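Colleague: Chain by chain, the residues run as shown.
2 protein chains.
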Amino acid sequence: MEVYEDIFAKFLAKKGLKLTQPRRYILEEVFEMHTHFNVEELYDRIRSKTSKISMATVYRTIPLLLEAGLIQRADRSEGRERYEHILGHPKHIHWVCKNCGALWETDFNSLYPALIKRAQDLKFKPDDIELTVKGICWKCNTNDNENQSDEK
Amino acid sequence: MEVYEDIFAKFLAKKGLKLTQPRRYILEEVFEMHTHFNVEELYDRIRSKTSKISMATVYRTIPLLLEAGLIQRADRSEGRERYEHILGHPKHIHWVCKNCGALWETDFNSLYPALIKRAQDLKFKPDDIELTVKGICWKCNTNDNENQSDEK
DNA sequence: TTTATATTGTTAATGATTCTCAATATAAAG
DNA sequence: CTTTATATTGAGAATCATTAACAATATAAA
Ligand SMILES: [Mn+2]
Ligand SMILES: [Mn+2]
Ligand SMILES: [Zn+2]
Ligand SMILES: [Zn+2]
Chain G
6 MEVYEDIFAK
16 FLAKKGLKLT
26 QPRRYILEEV
36 FEMHTHFNVE
46 ELYDRIRSKT
56 SKISMATVYR
66 TIPLLLEAGL
76 IQRADRSEGR
86 ERYEHILGHP
96 KHIHWVCKNC
106 GALWETDFNS
116 LYPALIKRAQ
126 DLKFKPDDIE
136 LTVKGICWKC
146 NTNDNENQSD
156 EK
Chain A
6 MEVYEDIFAK
16 FLAKKGLKLT
26 QPRRYILEEV
36 FEMHTHFNVE
46 ELYDRIRSKT
56 SKISMATVYR
66 TIPLLLEAGL
76 IQRADRSEGR
86 ERYEHILGHP
96 KHIHWVCKNC
106 GALWETDFNS
116 LYPALIKRAQ
126 DLKFKPDDIE
136 LTVKGICWKC
146 NTNDNENQSD
156 EK
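Here the protein sequences come in this chain order: G and A. Those letters in the first sequence? Residues 6 to 157, by the working numbering. Those letters in the second sequence? Residues 6 to 157, by the working numbering.
Any given hint might turn out to be false.
[Unchecked claim] If you want a taste of the chain A side facing chain G, the calculated C-beta under 7 angstroms gives, among others: (1) 48; (2) 112; (3) 113; (4) 116; (5) 140.
Hints are computed from structural coordinates only; laboratory data are not their basis. This structure is a prediction, so every number in the text was calculated from the model and none was measured. We put the beta carbon where it would ideally sit given N, CA and C, even for glycine.
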């Protein structure tokens, strides 16, 4: 039994809920995917393996996974919420290229303790940290030679 | 003429667009508000002063203000996108209490140069930085005496 | 089995955002 | 002051992601 399955089972049990087959399918798929995903993508991937799942159940399970700390909101594109699993994915910074849409992830490193300290000063008990930097990636930066002068 | 008006007018002109009355109302209201706002709140506030505005125009103007760098996406609550104006509001960290919903803002201070340096290492040209920390604020932390022991 | 409760899928409802389109404003040109 | 070409607007319809309702079904304990 995978770690995340154990965590989810215990989380559910504590709430008087059950780890059913549909919930298991969702959980499995969430941890087989290693990218940010939205609900529809998740549903489609599960659906390609079994038909014993419905969109509604996926939507209903997302908040449970969030509350269990197994996934987190990652970003939002074209109106759709996106998520990513957490276990094995320590907190990281998201770098999003405004030009090509590419996504990079890097460690917080020294920024993390700095933030924690800041939180302590504010007597704030941090839980989720979301740091996203949007800009132009190195690839798009070298390809585009049209940002040299200002205007005209 | 306010600075932001000047900026917006120039931005629009460069795109062959005009600074019309409805756009002016929106711009004014955006800079009279000093909190995060969603489109409906913005619309309602303008509406309380004049009826010469429609929801559609507000929705259409938001992307223009974003592109002009006059507002930025701040957060999202209950499915609604929220914004805040930028001029006079330097980049800041958002601290959101998961319990009472309160929002704090603090300066980036030393975190900012650290992030910029990190960007340089990645050859990434940063544009927007969004740092939100969710957790429990000091008020909720002291009021709640139910988080002492773990369970049972 | 029986029973009480949680879960599911289907389908309808909701609600924010976007689109359509005809009417109107705007600014330049004559 | 007209004419003209283009941009803008408001009203309402259309979209589309997410939620809610509800009856049928699964689950686990008694
Ligand atoms: Mn990520
Ligand atoms: Mn803010
Ligand atoms: Zn790029
Ligand atoms: Zn609080």
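Colleague: State for each hint whether it applies.
Modeller: To see whether the hints hold, each was checked on the structure:
1. 48: For residue 48 (chain A), the interface hint is violated, since the closest Cβ of chain G sits about 19 angstroms away, which is over 7 angstroms.
2. 112: violated (10 angstroms)
3. 113: violated (10 angstroms)
4. 116: Hint holds; residue 116 (chain A) Cβ to chain G Cβ min 6 angstroms, cut 7 angstroms.
5. 140: Status holds, d = 4 angstroms.
Of the numbered hints given earlier, the model fails hints 1, 2 and 3; all others are met.
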